[in-house]
Amino acid sequence: MDRYQFEDLISDYIENNLSLSKRKAFEAYMDSHSEARRDVKSIRETITALKNMDTVKTSDAFMSNLRTRIARENIQLASSQKRERTFFGFTPLYASVFSLMVIALIFTGIQFIPGSGDSVPIPGERLPMAEQTSPPPVVKYQAPNERASSAIFAETPEDSLDDEVRPLRNKGNFDSRIQLVKNPQ
Amino acid sequence: MAKEFIFTDEELIARFQQGDEQAYVELVNRYRDRLMAFVYRFVNDTTQAEDIVQDTMVKLYTHRHFYKEIAKFSTWIYTIAGNLAKTELRKKKRRKVTSLSQMGTDDRDYDLPARDEESDAEIQGQFTEQRLQSAIQELPLHFRTVVILRDIQELSYEEISKIVDVPLGTVKSRINRARLQLQKALIEYR
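Residue numbers (our numbering), protein chains in the order written: chain W, 719 to 903; chain Y, 112 to 301.
Do not take every clue at face value.
[Unchecked claim] Heads up, incomplete: computed chain Y residues facing chain W, CB under 7 Å, no partners named:
| id | residue |
| --- | --- |
| 1 | D120 |
| 2 | A148 |
| 3 | E161 |
| 4 | Q165 |
| 5 | M168 |
| 6 | V169 |
| 7 | K170 |
| 8 | I286 |
| 9 | N287 |
No wet-lab data here; the hints were simulated from the structure. Cβ atoms here follow ideal geometry from the backbone N, Cα and C, with glycine treated the same way.
Chain W extracted, bound-state conformation (with noise of 0.2 Å):
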């Protein structure tokens, strides 16, 4: 054990927290060096003087002024929340700004929206009653092979919705081509 080492050790060795080998290590250099051993005695006196030094204690109007201090707090956090209105916990300036934020994001989001067109309409406005009577015409899109399947099963021409009824392309004879089975030829 060097000096060092043994100087980590003396609290451990004054409050018994020292193994046994580490004990008799440590005892074993408090023989072999006696300015150790005063050290350790030293330091084993001053905790205790330390333990052992005056009290100080609170005036008898610490409560008192304690009590002062508090009410005067209490004052000045009322009127604070007082001269603070909110809105819905927020100060004006925050409401305000998140409130232009919410406003501008509802304006960018509808922008988005599929057939918005150049009007946006604003919300809450009633169009005029004219406008109001016929509904908007629906122009329904209509795949080229469905042109053709319409065609079929309208019972009319006027039935169907193309302008043009348009014969079926091969309209012919199936029957050099479907073999039935009862005529095998």
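Model the placement of chain Y on the given structure of chain W, informed by the hints.
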């Protein structure tokens, strides 16, 4: 007083958080002198120490809802007091200190008669106490805190570790080093 009527510190702070101001008064009475002893050894000024303890109690009143039951109440309140004491010490260092002992040209010494006859032992005891207090003031802040909490306030190593927020091993090492420094400082005074 019967044991069942004695509330623990944690029970008292819980009651105070629910609005029981009598619980606050009880906590103040329990900790005012303990904190005073701790802070005084830190700042070496009774008036300042009492102000800091008052600040701690006001903080306890206004910030009661900040306490959570994860830590012991004593750990929490000692941490507040220690931080306030350190802040005050830093402010003290920044302030310019002007000496009031600017004597006149005659430089008369005034002998004040002693009111009480003190015994030699009492005088010696006061001298030792003053020397010890001066030696504590000479310690670096991080050594001073732990030695006051351990040797004067008699807190456990675990609690000190939580108050100063350093590992247990570091606390033990600092206390050991602080005691060695105190011992060397006191040898110089002899």
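Checked hints:
For Y:D120, the suggested interface contact is broken, since its CB lies about 18 Å from the closest CB of chain W, more than 7 Å. Against a cut-off of 7 Å between C-beta atoms, the interface hint on Y:A148 holds, since the closest Cβ of chain W lies about 5 Å away. Nearest Cβ of chain W to the Cβ of Y:E161: about 6 Å, under the 7 Å cut. The hint holds. Hint on Y:Q165 holds. Least Cβ distance to chain W is approximately 6 Å, under the 7 Å limit.
Because the closest C-beta pair between Y:M168 and chain W is about 6 Å apart, less than 7 Å, the hint holds. Of the supplied interface hints, the one on Y:V169 holds, with its beta-carbon coming within about 6 Å of a beta-carbon of chain W, less than 7 Å. Residue-level restraint check for Y:K170 is violated (minimum Cβ-Cβ distance to chain W is 10 Å; threshold 7 Å). Interface hint at Y:I286: satisfied, since its Cβ lies 6 Å from the closest Cβ of chain W, which is below the 7 Å cut-off.
With a least beta-carbon distance of about 4 Å to chain W, the hint placing Y:N287 at the interface is held under the 7 Å criterion.
Hints 1, 7, counting from the list given before, are not met by this structure.
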